[in-house]
Amino acid sequence: MNLQKEFSKIYDQYIDQIYRFVFIKVNSQEIAEDLASETFLRGWESFKKNHNGIDNPRAFLYQIARNLIIDHYREKGRAQLISVDTVPIVDPCPNLEEVTQIKSDFDLIKSALVNLNEDYQECIIWHYIDDLSIPEIARITNKSEGAVRVMLHRALKALKEEIENNHQEA
Amino acid sequence: MTEKDLIAKIKELRQIKPRQNWVILTKQKILSEEPEFVRGWASVGFKEILAGMKFIFSHKLAFATLTAIFVLIGTFGFAQNSVPGDLLYAVKKITEQTQRTFIPEKEFNIKIVNNRLDDLIKIAQNNSFKNLAPAINEFQASVSEVARKIAKDETKNNPDEIKKIVKDVKNIEKRTIEVKSFGIQIDENIEWDGMLVELIKLQVQDLEKRTLLPEQIESLKEIKADIEAGKYSEALEKILEINQN
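Note that the protein sequences, when read in sequence, are chains A and B.
In terms of numbering that gives the first Met the number 0, the first sequence opens at residue 0 and continues consecutively.
In terms of numbering that gives the first Met the number 0, the second sequence opens at residue 0 and continues consecutively.
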């Protein structure tokens, strides 16, 4: 099968997930677009050289994205701007009260997630938002499946505590 | 908020999507770009340079070799006292690795963890705080390695093998507590905890198949409660006690 066609399918399949993963971690549409674009560019370079060696394109792309985010923070310094204005919500509900409530919960979760440590953030994003399995996450993070299960359990607990703390402060 | 509610709210973050025109433009850009690979390897003629060096130094080579051997022996000797962060620590690690040939892999990995614990105790006793951070990192790396190896080890399904592993693991836990008593802060190691949970569960399964005394049955209940509470060390201690009786 033509390489370009094959990678095009991979792009269509994972662009939303990779963008979302990057966006949640960097909290900026502009930076998320840059890094997500770079992820797929590097993915395409590797795919051209060795497409038979990439048995799990999703895991592979996540690893690239992860490394790019680390490099980004290393260069720019860690300055987390909790901006709630740049989220493109698709299909907003017509009812204003519902919109406000949904946006409020949404922002609460997003703010709380950003305050967790990197490993916990990633576990939650991959497992609950992107539906990655435990073995897939273990593979991306190079940890055992047991370690991933423990981490997920602790990540949820930490997120819950973070949300409760934010609620009390509000 | 229940866990179910929390997960439902997390899933709402799926609403985050990229701009469609950006998606299309990026795809076009990536798949139509042909990057240029510029390779600029300078070919310097290494063989010619080496031949020249050999020609110049051949008369003094024998003496230089002997000197090098003595320096090496001295270096390896001094290196054994080094700790992470020291200049000669890399040499110590190389020496450790050579022992891999003579010791079974499982024992070797445990030995490395114990060596790192020895390093931490030495640092605490000498108050050499500059070495603390690298030593903790080295310790954590060795612990993660052991955890990963145990997780993949298929012989751990053998009851006798499990007992041996549990003993080694408990010993590491005990020594880690000893190191922490010096005031050294060692963070949780998620690989280690994951491995402990799996190991303890295997032991619990094995114990449930056996005929236990009333006090052992009680102990088993406590072990299960310890697992729920995340008290893995206590659970392990109780398992060892049951196995010894």
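Errors might be hidden in some of the hints.
In the DSS-like style, the derived pairs of lysine-lysine whose C-alpha atoms are separated by at most 27 Å in a straight line are [stated by the list, open to error]:
(1) A/Lys8 - B/Lys91
(2) B/Lys110 - B/Lys28
(3) B/Lys28 - A/Lys159
(4) A/Lys75 - B/Lys3
(5) B/Lys28 - A/Lys47
(6) A/Lys75 - A/Lys109
(7) B/Lys110 - A/Lys159
(8) B/Lys28 - A/Lys109
(9) B/Lys28 - A/Lys48
Since the hints were made in silico from the structure, they are not lab data.
Hints versus structure:
no.: 1; hint: A/Lys8 - B/Lys91; result: violated (50 Å)
no.: 2; hint: B/Lys110 - B/Lys28; result: violated (53 Å)
no.: 3; hint: B/Lys28 - A/Lys159; result: violated (41 Å)
no.: 4; hint: A/Lys75 - B/Lys3; result: violated (37 Å)
no.: 5; hint: B/Lys28 - A/Lys47; result: holds (15 Å)
no.: 6; hint: A/Lys75 - A/Lys109; result: holds (22 Å)
no.: 7; hint: B/Lys110 - A/Lys159; result: violated (40 Å)
no.: 8; hint: B/Lys28 - A/Lys109; result: violated (31 Å)
no.: 9; hint: B/Lys28 - A/Lys48; result: holds (19 Å)
Hints 1, 2, 3, 4, 7, 8 from the earlier list are contradicted by this structure; the remaining hints agree with it.
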